[in-house]
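**Student:** For the protein sequence lines, the chains are A and B, in the order given. Per the numbering used here, the first sequence runs over residues 1 to 165. Per the numbering used here, the second sequence runs over residues 166 to 330.
Honestly, the hints are just simulated from the structure, not real lab data. Just so you know, not all the hints are guaranteed correct.
Okay, the calculated beta carbon distance ranges per label pair [what the hints assert, rightly or not]: (1) A:GLY11 to B:ARG298: 17 to 27 Å; (2) B:LEU189 to A:LYS114: 14 to 24 Å; (3) A:GLY75 to B:GLU193: 19 to 29 Å.
Here are some of the chain A residues that sit facing chain B, going by a computed Cβ distance under 10 Å [to be verified]: (4) ARG52; (5) PRO58; (6) PHE111; (7) GLU126; (8) ARG135; (9) VAL137; (10) ARG138.
To be clear about the criterion: a stretch of chain B counts as covered by chain A if any three or more of its residues have a C-beta under 8 Å from a C-beta of chain A, and this derived list gives those stretches [unchecked claim]: (11) 186-199; (12) 231-237; (13) 275-287; (14) 293-304; (15) 313-323.
Even for Gly, the Cβ is constructed at its ideal location relative to N, Cα and C.
Protein chains: 2
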Amino acid sequence: MNTLAPVPDGGDESLMKLAVREALAAQEHGDVPVGAVLVREGRVLARGHNTRDLLGDPSGHAEMNALRLGAQRAGSWRLDGCELFVTLEPCPMCAGAVVAARIDRLVFGAFDPKAGACGTLYNIPEDPRLNHRTRVVRGVLAEECAEPLARFFGERRDGGGGGGI
Amino acid sequence: MNTLAPVPDGGDESLMKLAVREALAAQEHGDVPVGAVLVREGRVLARGHNTRDLLGDPSGHAEMNALRLGAQRAGSWRLDGCELFVTLEPCPMCAGAVVAARIDRLVFGAFDPKAGACGTLYNIPEDPRLNHRTRVVRGVLAEECAEPLARFFGERRDGGGGGGI
């Protein structure tokens, strides 16, 4: 794990590529391929991928894992000044966690028409009624982010697995 | 911790009293006093209280802690057939986690006008667009649940602490 590695050149797209790499790590153990990267002051503070099935943890989404690990490393639940990059639009739980952790900026790749809570079904991070607002950037490398998900669910259907997130 | 203890007689109110006791445990280490109890098939599967400040975990809300511990004990992220009792209306993160864990029924005490996501600002558990619906019962022992919160924030104000959840 490239802890506190300098952020690669190329801005949001380079960081989203790191998140895609994390998504592939989830797929290796049979979890829905979603990945996240948490950045502070030009450094990667934490990475996370979906471990819901691996660990039997309902809160084991990529974003939650990156936020928890980042908070551990930062020594505080307040992640002011941080940006979170995630391959799939966060669900209500993860969008709420982004606000709870006081993240400055959220960048996501693929939209989630079924559970997206950052512009699709809800827009929790930018809700002016909550006590913190996180700016949201949408659709960065959307196709590259969606591709492992399409392949994962396609294979499960072909194998008779069925499913959904 | 009374793991797998039989549920006391008296229905929702008795279980909410257990959740209030958990809330007081949070207060003992200076965290906002919120408590939760997870029940399955007439047994207490897990309890949790707020550990956000104690552990520096942005996801350390009472509900999240009870859900994670319950899933560990059940050996699965799917908590079908479970009911969650919590002293304060869940925020978006926790309301989303209730849905993600496939909880059957959520019972809360005090309403949260600032961040409540189970009827106040949002109604995430009962949103028909999501892939699971959790029934919500509101306002059980609301005053008893709100009292430790009022006292906690009152003392912080008196001591010049300020704050908010």
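**Student:** All hints, please: hold or fail.
**Tutor:** Taking the hints in turn, this is what the structure says about them:
1. A:GLY11 to B:ARG298: 17 to 27 Å: 40 Å, violated
2. B:LEU189 to A:LYS114: 14 to 24 Å: For LYS114 (chain A) against LEU189 (chain B), whose Cβ atoms are near 39 Å apart, the range 14 to 24 Å is violated.
3. A:GLY75 to B:GLU193: 19 to 29 Å: Roughly 22 Å apart at Cβ, these two residues keep to the hinted range, so it holds.
4. ARG52: With a minimum Cβ separation of about 5 Å from chain B (threshold 10 Å), the hint on ARG52 (chain A) holds.
5. PRO58: Nearest chain B Cβ about 4 Å off; hint holds.
6. PHE111: Violated: closest Cβ of chain B sits about 14 Å from PHE111 (chain A), beyond 10 Å.
7. GLU126: 12 Å, violated
8. ARG135: Violated, about 17 Å.
9. VAL137: This interface hint is violated because 20 Å lies over the 10 Å limit.
10. ARG138: 18 Å, violated
11. 186-199: violated (count 0)
12. 231-237: holds (count 4)
13. 275-287: n = 5 at 8 Å, threshold three: holds.
14. 293-304: Satisfied; 3 residues make the cut.
15. 313-323: violated (count 0)
Violated hints for the displayed structure, listed by number in ascending order: 1, 2, 6, 7, 8, 9, 10, 11 and 15.
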